[in-house]
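Modelling step: build the complete structure from the supplied sequences, incorporating the hints.
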Amino acid sequence: MSFETTVGAFAAALGEPSAPPPAMTHGRMGAPDARRFAVYRNNVTVGLIGALEARYPVSRRIVGDDFFRAIARIYVSAHRPRSPLMVAYGDDFPDFIAARISEVQAEPSLDYLPDVARLENAWVEAYHAEDALVATIDEIAALSADQLPETRIAFHPAVRLLRLVTPAASIWASHQGDAEPSAPTHWIGEDALLTRPDCDVKVRVLPPLAYDFALRLREDATLIEAALALNDPAFDLGTHLVGLVESGAVASIIPGQTS
Amino acid sequence: MTVADHRSLGTLGAPSVGVGFKPEHFEAIVDTRPQLGFFEVHAENYMGAGGAPHRRVDAIRERYPLSLHGVGLSIGSPGPLDRAHLQRLAAVAKRFEPVLVSEHLAWSTHEGAFFNDLLPLPYTDETVARVSEHIDEVQNALGRTMLLENPSTYVVFAESTWAETDFLREIARRTGCGLLLDVSNVFVSAVNHGFDPDRYLADFPLSAVGEIHLAGCAEDSDDAGLPLFIDAHNSPVRDPVWSLYATTIRRLGPTPTLIEWDNDVPAWPTLLSEARRAERAIVDATTKTLERADVL
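Chain order of the listed sequences is A and B.
Using the numbering used here, read the first sequence as starting at 1 and increasing by one per residue.
Using the numbering used here, read the second sequence as starting at 1 and increasing by one per residue.
It is worth saying that the hints were derived from the structure and are not from the lab.
Careful, some of the hints might be misleading.
[What the hints assert, rightly or not] With beta-carbon atoms standing in for the labels, derived distance ranges: (1) B:250 with A:42: 35 to 41 Å; (2) B:159 with A:19: 16 to 22 Å; (3) A:12 with B:198: 33 to 39 Å.
Since the structure is predicted, the reported quantities are computational estimates derived from the model, not experimental observations.
We put the CB at the ideal spot given by N, CA and C, even for glycine.
As structure tokens, this is what we get:
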């Protein structure tokens with residue numbers, strides 16, 4: 001049997017839980033052995049479940065180890081990694097949970113779980129993102145009134161913006177540390193901003209309009225374009241810009257041309 | 001390729017024992033600055049774009065030599081190497097400037113699907129040639145030699161025509177690579193296939209060994225009820241493995257040794273005490289050797 005054929009047969013059997021061990025793999029009795037082959041299948045499954053447990057610790061804490069392992073097992077059997085680069089494995093687990101949550105009628109109280117998982121996934125992405133220096137308040141102060149409206153923002157690579165329909169950011173925050181988590185006082189959606197100006201990921205709940213403002217800036221709008229699109233005369237551009245810079249979201253400020 | 005090239009850490013004064021670097025131990029390491037020969041990291045954990053993982057290893061690297069251990073390159077694959085992954089490994093090696101770089105005699109990727117484990121291959125004329133080609137490619141890409149680790153296995157292949165020790169010897173001969181002798185893997189494979197681990201070690205091409213791994217294993221059984229050890233890396237090193245290690249050091253002399261505890265990672269003091277035990281084992285084995293020489 002050629003090398004390619006042998007490995008192909010091994011791989012096929014690995015991926016199919018009900019398949020018998022490949023004929024050319026032997027134990028001590030000169031014959032295939034199901035328990036021996038199962039070690040490899042088990043290593044793969046346990047390793048992938050472990051990756052999900054590491055990526056979604058708060059989600060796991062919310063539903064408990066056993067329930068999390070059960071959902072993870074279903075996900076893993078349907079989602080094989082396509083690369084040895086495992087840093088992104090499980091990034092679509094939140095969507096998977098969302099689809100399953102709608103099936104499980106008995107758990108209306110878990111409707112925030114997909115949002116919590118989305119936040120956790122965004123946290124991991126921010127954690128591994130490229131390093132970059134951040135802009136400072138001094139750089140805003142250096143802009144003239146003429147330059148400000150046409151100024152654009154380049155975001156730090158780690159920035160993540162999330163519009164959550166549940167107070168999942170507050171729920172996530174209350175699960176940090178060992179204290180007993182508390183339920184949010186107001187059950188409303190939250191806009192979250194994740195930044196990582198240095199090594200640590202920071203999670204903030206944004207005030208009204210800040211999410212839409214940041215989203216437009218990220219789409220290359222100028223400050224004035226982004227502000228006007230909000231259609232709210234009370235929107236304070238300066239305060240929101242300072243907020244973004246102070247959070248470590250801004251890598252560079254591209255001053256507008258003076259007219 | 002001389003022994004000295006592979007065992008560069010062995011020329012440092014003290015017995016060179018290291019541990020795997022785990023992020024949860026970072027504070028303890030920085031605060032206590034333990035005397036240790038080196039730290040080993042898994043290359044794939046540092047293939048993200050940036051952030052804390054890189055920064056921590058940079059900090060470790062400032063004080064300690066680093067050993068880079070790849071797990072995902074699939075050198076034992078019949079098909080071509082994943083060139084993108086090889087470039088990633090080369091980039092990590094370039095950034096951290098490790099004194100040792102190692103990978104496994106195993107495959108993990110097949111036709112674009114990555115299996116998160118180290119999978120076995122048959123030992124034939126075809127596979128010795130293919131693995132040697134892959135190692136040539138890796139060493140060219142890295143601009144240095146690598147160490148190839150002997151596997152722990154749960155099955156053997158009906159079509160194998162080479163003994164594992166001969167297979168490794170031939171690969172080292174063809175490519176000039178060194179070997180990473182995982183003594184726990186020898187123990188695990190010996191129990192699993194019913195051979196004598198001392199015999200395996202006597203046949204092993206020790207002159208090519210540049211590093212030793214020691215790890216814990218878990219006990220299970222096969223369909224016939226025969227004992228099966230699993231290379232779990234989740235517990236202290238077992239006594240039979242310490243004995244095999246002592247035998248190996250008596251033959252080899254002091255050799256960079258890694259305590260490999262990747263799962264159920266213990267508190268820092270526990271991991272450090274395993275390293276200290278390895279250091280004492282090196283001193284004991286060296287002392288015994290001298291005594292025997294005196295008598296003769």
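Going through the earlier hints one by one, which of them does the structure break, listed in rising order? Per hint list: zero violations.
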